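A.B. asks: Okay, here's what each chain looks like letter by letter:
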Amino acid sequence: MRTLPQIFKPPLLLLLLLVLAVIYFALDPAGFSFFPKCPFYWLTGYKCPGCGSQRAVHDLLHLNFRGAFHENPLLVISIPYILGGFAFDYTNLSQRIPRVRKTLYGKTAIILVVIIVIAYWILRNI
Amino acid sequence: MEYFITDGVSNFGPFTLDQLREKNITPATKIWYSGLSGWTPAGEIPELAALLSSTPPPISPPPPQFSYPGINYAQTKPPKTWLVESILVTLFCCLPFGIAGIIYASRVESKFYSGDHQGALLASEDAGRWTKIGFWVGLVSVLIWVVFVIVTALNGGNFENFTPNF
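These protein sequence lines map, in sequence, to chains A and B. Sequential numbering of the first sequence, starting at 185, is according to our numbering. Sequential numbering of the second sequence, starting at 839, is according to our numbering.
Rather than coming from a laboratory, the hints here were simulated on the basis of the structure. Fair warning: this is a prediction, and the values are worked out from it, not measured in the lab. By construction, the Cβ of each residue, glycine as well, lies at the ideal position given by its N, Cα and C atoms. Certain hints may be false.
[To be verified] Using 27 Å as the maximum straight-line C-alpha spacing, the simulated BS3-like pairs for lysine-lysine come out as follows: (1) B:Lys970 <-> A:Lys221; (2) A:Lys286 <-> B:Lys915; (3) B:Lys970 <-> B:Lys915; (4) B:Lys970 <-> A:Lys286; (5) A:Lys291 <-> B:Lys915; (6) B:Lys970 <-> A:Lys291; (7) B:Lys918 <-> B:Lys861; (8) B:Lys970 <-> A:Lys231; (9) A:Lys231 <-> A:Lys221; (10) A:Lys286 <-> B:Lys918; (11) B:Lys918 <-> A:Lys291.
[Said to hold, decoys possible] Output of the computed footprint for chain B on chain A, the stretches with three or more beta carbons under 8 Å from beta carbons of chain B: (12) 226 to 238; (13) 255 to 265; (14) 272 to 284.
[What the hints assert, rightly or not] Taking CB as the label site, the calculated pair distances span: (15) A:Gly268 <-> B:Val985: 35 to 45 Å; (16) A:Asn276 <-> B:Val978: 33 to 43 Å; (17) A:Asn276 <-> B:Arg967: 25 to 35 Å; (18) A:Ser217 <-> B:Ala887: 53 to 63 Å; (19) A:Leu196 <-> B:Ile971: 15 to 25 Å; (20) A:Gly215 <-> B:Phe986: 17 to 27 Å; (21) B:Val980 <-> A:Asn248: 17 to 27 Å; (22) A:Pro223 <-> B:Gln857: 52 to 62 Å; (23) A:Asn309 <-> B:Thr854: 33 to 43 Å.
Pulled out of the complex, with its shape left as it was, chain A reads as follows (with noise of 0.2 Å):
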């Protein structure tokens, strides 16, 4: 279990992911109004980057990409490249190839994402 993060190691906290998978497998966000709202959304009506995460879930649930991508673009593409943090995070990979890890993951990298947040939070709003 060492190479488990560090958050899902409480077994309180797998317990609760299950639960959450269960229930947004079983569930479409989209016809229930019982789930949770984007406040961003609900004061200003425009979506935030976040806005789609609950219906794009539900969709890779059920293995519905194409979906997904309709809900939340950014959700889907950044998959992999959450994926791979995870990686470089909790193996030695980042031992192993310290300059592939700076690369994807450094501060130029993280300086792009924040850009690409951003850019993408302005553009699905126009």
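Put chain B on the given structure of chain A with help from the hints.
C.D. replies: Coordinates of chain B only, in the frame set by chain A:
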């Protein structure tokens, strides 16, 4: 006012306040001016406080990178940046906290590769703090929402008039 400073052997001056500013005095530098009974550390003279705060702290040299035989892995990799967790927080709940986490992640990287390992560790702690705050704020908001939904449903309300799900 004319100030004199001493290094313990000789004394220098007189200096005006502006000239004193250029001497890079520290709180331990001994100062004398007409009216003081003796040499006094600059840190104990209130009117020099502004001067001292604009003096940069001494620079600690970066630790040697490869002074050990073999490769010291601890120094080839920055401390945890929390970048991935911050992105997840940005996408799933709390954009401001997530963005703050991402900004600190970049500071972890830049400080680490400029040789400031201590600063990198501090930035790493900040990044982790913002990410965790985002996580818990999100979780608590959802729990409050769930309680609100249950209470409304028990009172016979419905949610169909609410905003669409986002």
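A.B. asks: It remains to establish, for every hint, whether it holds in the given structure.
C.D. replies: Hints and how they fare:
| no. | hint | verdict |
| --- | --- | --- |
| 1 | B:Lys970 <-> A:Lys221 | holds, 21 Å |
| 2 | A:Lys286 <-> B:Lys915 | holds, 9 Å |
| 3 | B:Lys970 <-> B:Lys915 | holds, 22 Å |
| 4 | B:Lys970 <-> A:Lys286 | holds, 24 Å |
| 5 | A:Lys291 <-> B:Lys915 | holds, 13 Å |
| 6 | B:Lys970 <-> A:Lys291 | holds, 21 Å |
| 7 | B:Lys918 <-> B:Lys861 | violated, 40 Å |
| 8 | B:Lys970 <-> A:Lys231 | holds, 23 Å |
| 9 | A:Lys231 <-> A:Lys221 | holds, 11 Å |
| 10 | A:Lys286 <-> B:Lys918 | holds, 13 Å |
| 11 | B:Lys918 <-> A:Lys291 | holds, 13 Å |
| 12 | 226 to 238 | holds (count 9) |
| 13 | 255 to 265 | holds (count 5) |
| 14 | 272 to 284 | holds (count 4) |
| 15 | A:Gly268 <-> B:Val985: 35 to 45 Å | holds, 38 Å |
| 16 | A:Asn276 <-> B:Val978: 33 to 43 Å | holds, 36 Å |
| 17 | A:Asn276 <-> B:Arg967: 25 to 35 Å | holds, 27 Å |
| 18 | A:Ser217 <-> B:Ala887: 53 to 63 Å | holds, 60 Å |
| 19 | A:Leu196 <-> B:Ile971: 15 to 25 Å | holds, 19 Å |
| 20 | A:Gly215 <-> B:Phe986: 17 to 27 Å | holds, 19 Å |
| 21 | B:Val980 <-> A:Asn248: 17 to 27 Å | holds, 24 Å |
| 22 | A:Pro223 <-> B:Gln857: 52 to 62 Å | holds, 56 Å |
| 23 | A:Asn309 <-> B:Thr854: 33 to 43 Å | violated, 58 Å |
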